[in-house]
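K.L.:
Just so you know, the protein sequences line up as chains A and B, in that order.
So for the first sequence, my numbering puts the first residue at 1; every next one is plus one.
So for the second sequence, my numbering puts the first residue at 552; every next one is plus one.
Derived by calculation from the structure, the hints in this document are not laboratory data.
These numbers come from a predicted model, not from an experiment.
Incorrect hints may have been included.
[To be verified] Heads up, incomplete: computed chain B residues facing chain A, CB under 8 Å, no partners named:
id, residue
1, Arg556
2, Asp577
3, Asp579
4, Gly634
5, Ile693
6, Ser694
7, Ala696
8, Tyr701
[To be verified] If you want the footprint, here are the derived chain A segments under chain B, 3+ residues with CB under 8 Å:
id, stretch
9, 151-159
10, 302-316
[Unchecked claim] The calculated SDA-like cross-link candidates involving lysine to any residue, where the alpha carbons are at most 20 Å apart (straight line), are:
id, chain 1, residue 1, chain 2, residue 2
11, A, Lys165, B, Thr645
12, B, Lys687, A, Arg20
13, B, Lys646, A, Lys165
14, A, Lys477, A, Glu509
By construction, the Cβ of each residue, glycine as well, lies at the ideal position given by its N, Cα and C atoms.
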Amino acid sequence: MYRYDEFDARFVRQRVSQFRNQVERRIEGELSEEEFRPLRLMNGLYLQLHAYMLRVAIPYGTLNSAQMRQLAAIAEKYDKGYGHFTTRQNIQYNWPKLSDVPDILDDLADVEMHAIQTSGNCIRNVTADHWAGVAADEVADPRPYAELIRQWSSLHPEFSFLPRKFKIAVTGAAADRAAIAFHDIGLRIKKNDAGETGFEILAGGGMGRTPLIAAPVRDWLPGEDLLAYLEAIMRVYNLHGRRDNKYKARIKILVRELGADEFTRQVEEEFARIDAPQVVPPEQELARISAYFAAPEYQDLPDDDPVHAKAIAEDAAFAAWASASVERHRVPGYAIVNISLKPVGGVPGDATAEQMRAVADLAEKYSLDEIRVTHEQNLVLPNVRKKDIHAVWQQLMEHALASANIGKATDIISCPGLDYCGLATARSIPIAQEISTRLGDDARQNEIGGLKIKISGCINACGHHHAGHIGILGLEKAGEEFYQVTLGGSGDENASIGEIIGPGFSGEEITDTVETIIDTYIGLRDDGETFLDAYRRIGPEPFKEAIYATH
Amino acid sequence: MPLIRNGDVIADSWVRHEDDAPLPADGDLILPLERLLHEGTQLAGRRGLTGVQLANTADVEEIESLLSCLALVTLEFPAFTDGRAYSQARQLRTKLGYSGELRATGNVLPDQAAFMRRVGFDSFEIACGQDIETWKNAPRAISLAYQRGYEGGAVTRYETNSACGASPAI
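So that you can see chain B by itself, here it is in the shape it has in the complex (with noise of 0.2 Å):
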């Protein structure tokens, strides 16, 4: 499936890993949240970063003590009406400090992808298909927000004195 970081499609290094399998030796690897769990400290042995499959239902405090560890934190929108994740996202930005990759998995689609941003996740995976221009252009379409302490360059009422801001890439 396409990934778009940074406004380009890109090549996706990572692997989903998602049976019982034991761990290749090698490669960056997308864990479920449980066998994260289970891991635990066999997984500094590894070469190769160590990304999680958060399902939405999840608390993300429970990779709290984790987080140092991780590269990749994937969540999910089974339906791009299910808003969960961007919750999840916030917290995992605000209140635990998460600073490395946050990729949105699921119904991805560009009319909510400037949410998206705006909440910490800089990264895509969309359904083949989707048309990658429709993509560049959404952040486009709202460049203004009010709510303040939320990322993804739009800007605020708060922050500037200009209603005219560039903006930023998705």
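Same shape as in the complex, but just chain A (with noise of 0.2 Å):
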């Protein structure tokens, strides 16, 4: 993992002393909140409906197990007791007061933490491949990278008020866990056939309103070219994206109205008069921030182990959990060991400070120290002997972490909606709940297999509902507020967007819907179908028919 130097300390440190100045000129009334508002979003510190917000970045989703329990005392000291990762990688803490969060940043400084850039129009928290270094089809990882990008976006002088808040996803392997299609900037680390390391790009891809696919914007650039091909897009961004009205501001409305071909030729000639010798960092820069992520010292391991073989063939729920949850490794006799923050009938990513302490504990103890969190608001322990793992899920037993639903109809991602939420215009976690409450029989959810279901609580799809297999809208109308539904997204390697299958549902009927979208698949499905194929296969009528027959 990476870890500060003296200089990455005294910026965050100085970054906590010019917010806790920020945060003193507010109280003192020096600052309107009209005029604090813009400089708190810059550090994550939003308004919501009952109270401040704090967001603190999980820069691509690691965490050590030190992190992780100072994660847990903010969450007691300083809130409610729990907090909330969300599909960003982040953790979101509900309950701050105003006056406390310069300190709250002082304690994440203390780990080498902060809430740098997750609000506000700029580049925000750099996600990446929840895998990242241990998945065995990995070409390349992307941590470093993301590193590099985390550092170069840190307090850009240039891009810190951008037309909109700008998202960047990294992925190193060819399975996409990371949705860079559905990102400001989605980056694909290639190698040619010289060995050499370069990227393929994508940008404006998105959600919100106006959910697009990211366009191709160059198939490959050369490794050490990176940041000044950023640099390349974020200036045209910066100078020509929408200012005029909010809901065009994105990059994605920019390619789509100039066209991904001239967009394309705006870049490459800013490129090409980008002086890369200057902006990008001395390669040695690169190799230091490498030599942190290099692979941990793994055991010399036989790939099949008998201890975790003999728990397989003799507790069947372990098999059930195991066969949900565990994920091959790169490395023989070491697996990836998913944990699912989505108990049946719970709120999606919500993790109590003793359930944080517990996966810290494991970490420390069965994981070479690592955590990583999930864009589905999961947790990872991504290096486990296959000789432990049984003794994991008895721990995770114990502090209910043991659900063996990742992948499944109950593992729905859900944003915090109308409990939390200023913008919300419906609930979306009490939606959530009675979704998986209803679908929650082990039984049940095998029957089903495979199946991503994702509810947004208004248009701005923090719920990432177009990606959902089963994608929900919350919305409101004359006071009520009614769900849409959409069938068919998909944030993987083959992305695609979520198609709106008719009219909106009341709070009462949705997770009826849910059910009949889902007994209707289950009868047109061909053997070892998943939902999103049939769909693909079989398209929206049959499901038309079956929800709106009933009607």
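Two chains, each in its own frame: build the complex with the hints.
P.N.:
Shown next as structure tokens:
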């Protein structure tokens, strides 16, 4: 994992002290709320329905046990004893007091964390494949580049007042677990025939009220040009992105209005005139960062572990959980263990301080001190020896963290919705809870198979409903909540935007509707065919017939 | 309006010439872009310096051929959240090699002073009533920067092994 050097540590402390000064000026009335707003937003502090909300960056979703324990301590000391892991690999605290926020930031700095640029119209926390460095299908580890981008984008003098927020995601694998096609810039690391590292670059993807799949901008960019090329994209966007309408201000609208070819031409022209050696870090900087992500000291183990095999054979509950939660690691004898933060009927992504500490303890003891946060609002222990998996599972069970539902119908992504968020038009957490409760039976979930249900409480789409196999969007009309359903979305390497199936449903109807959609799929699927594959084969009609026939 | 340069409030010798009246023969004038492009060569006969006021929607390349005759370019922040002028400044300094005075106008606040310095602004026209001390202290808030190839005196990771840099004056 990356570790701060003296420079990074001082930088973050300076930012905390600058923000402390801004908070003091606000509390003393020197700054009005209107003047304070853009300043606090640059540091992840929102004013929500009931209280301030602080969003803390977890760069590319990577944590160690000390950091997770600190997140737990902050939840207890300054909040109500829990935190909410988000769809951008961040954590949110929903109840901090304004006067406490500078102290929280100092506590975060103690463990090399911050809240810089987790909101505002700037380059946000960079996200990456949550299995980076351990996935069996990886071409190259995206974390060194993600860290390079994190540093480069931090308090960028030119790109801190963009037309709108800006999100960059990086993957180093063929299977896209970082949803790069739905980002303002999506980066995929590739190797050429000479074994050199480079990038495929996408731009202009996004969700919100105008969901768009990112356009290809470059099929191959040499790795050393990355920051110069990002600078060119950012400059074209900063100068030409629309500022007249908040809803048309994202780069996706610029790319769409110019056309991908013209946008690319402008970027290439700008790139050609950037003096790359002046702006890109020296080669040794990437090497310095990469050294922190060198593979840990793995033991030399056989890939098949008899202890694990025996536990799978003898303990059906363990076997069921492992089948959903355990993934192949690139190193023999090790496994990736996913931890669901989606207990049946629970709040997606929430974790109590006690659960955070339990995960920290497990990471320290069994996962070479590493934890990952996924954009699907779950956690990962990326480095578990197969022989330890059973012990890990037993301890997860003690903390209500052993739901065997990763990738299944109750592994629902949901934004906070009207229970917390000032922008929401409808509740989303209670809908997620009701659907989860309805589909929560193990046999039922196994019958359904892999399914991604994603729920947003407003058009801004923080719950990624456009990329849900079943997407649910909560809206409001004449004081009544209603829920629009989309089908066939996907955030993976075959990205697609879900199609609106028809008129919306009331909060009372939506769970029945979801179940009808699922039953329709089960009735029509071929052997072994997933929901998404079946939908792509048969299209929306059978689903429309089933759900609207009953009305 | 107070003008800050090199950490001090200084007298502004420049006059904005915004109407269609004939240009005075003397004095340092700031012209709108249209007027500058229209006057062109006639400016050479004047005594006094020429500056241009660029809207933040203007393409800086429009003045590329005139830059050697210009002693001042003003760029505008209609609101401090509208950051187009940061990129215009950057393009003027790096792509076009402009080395004259670059002035920030409009909603210019001390919280953004360090960013403005780093993209190449060297003078700041601020609203009356702003606290000058806050302005003087602003660049000291964050003396470190990650981005390479930007100006403004911040210490970057790649240019020094020491994390302790002196703060620049605004």
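K.L.:
Each hint: holds or not?
P.N.:
Results for each hint:
Interface hint at arginine 556 of chain B: violated, since its Cβ lies 19 Å from the closest Cβ of chain A, which is beyond the 8 Å cut-off. For aspartate 577 of chain B, the interface hint is violated, the least distance from its beta-carbon to any beta-carbon of chain A being 36 Å, above 8 Å. The interface hint given for aspartate 579 of chain B is violated, since its Cβ lies 28 Å from the closest Cβ of chain A, which is over the 8 Å cut-off. The criterion of a C-beta within 8 Å of any C-beta in chain A is met by glycine 634 of chain B, whose closest approach is roughly 3 Å, and the hint holds.
Interface restraint check: isoleucine 693 of chain B against chain A, minimum CB-CB distance 5 Å, threshold 8 Å, status holds. At about 7 Å, the closest approach between the beta carbon of serine 694 of chain B and any beta carbon in chain A falls short of 8 Å, and the interface hint on this residue holds. The interface hint given for alanine 696 of chain B is met, as the beta carbon of that residue sits about 7 Å from the closest beta carbon of chain A, less than 8 Å. With a least beta-carbon distance of about 5 Å to chain A, the hint placing tyrosine 701 of chain B at the interface is held under the 8 Å criterion.
Look at the stretch 151-159 of chain A against chain B: 8 of its residues bring a Cβ nearer than 8 Å to a Cβ of that chain, three or more, so the hint holds. As drawn, the stretch 302-316 of chain A meets chain B at 0 residues by the rule of a beta-carbon pair under 8 Å; below three, the given contact is violated. At most 20 Å may separate the alpha-carbon atoms for a hinted pair to count; lysine 165 of chain A and threonine 645 of chain B exceed this at roughly 26 Å. For the hint pairing lysine 687 of chain B with arginine 20 of chain A, the CA-to-CA distance comes to about 18 Å; that is within 20 Å, so the pair holds.
Distance hint between lysine 646 of chain B and lysine 165 of chain A is unfulfilled; the C-alpha atoms sit about 26 Å from each other, more than 20 Å. At roughly 16 Å between alpha-carbon atoms, lysine 477 of chain A and glutamate 509 of chain A fall within 20 Å of each other, so this suggested pair holds.
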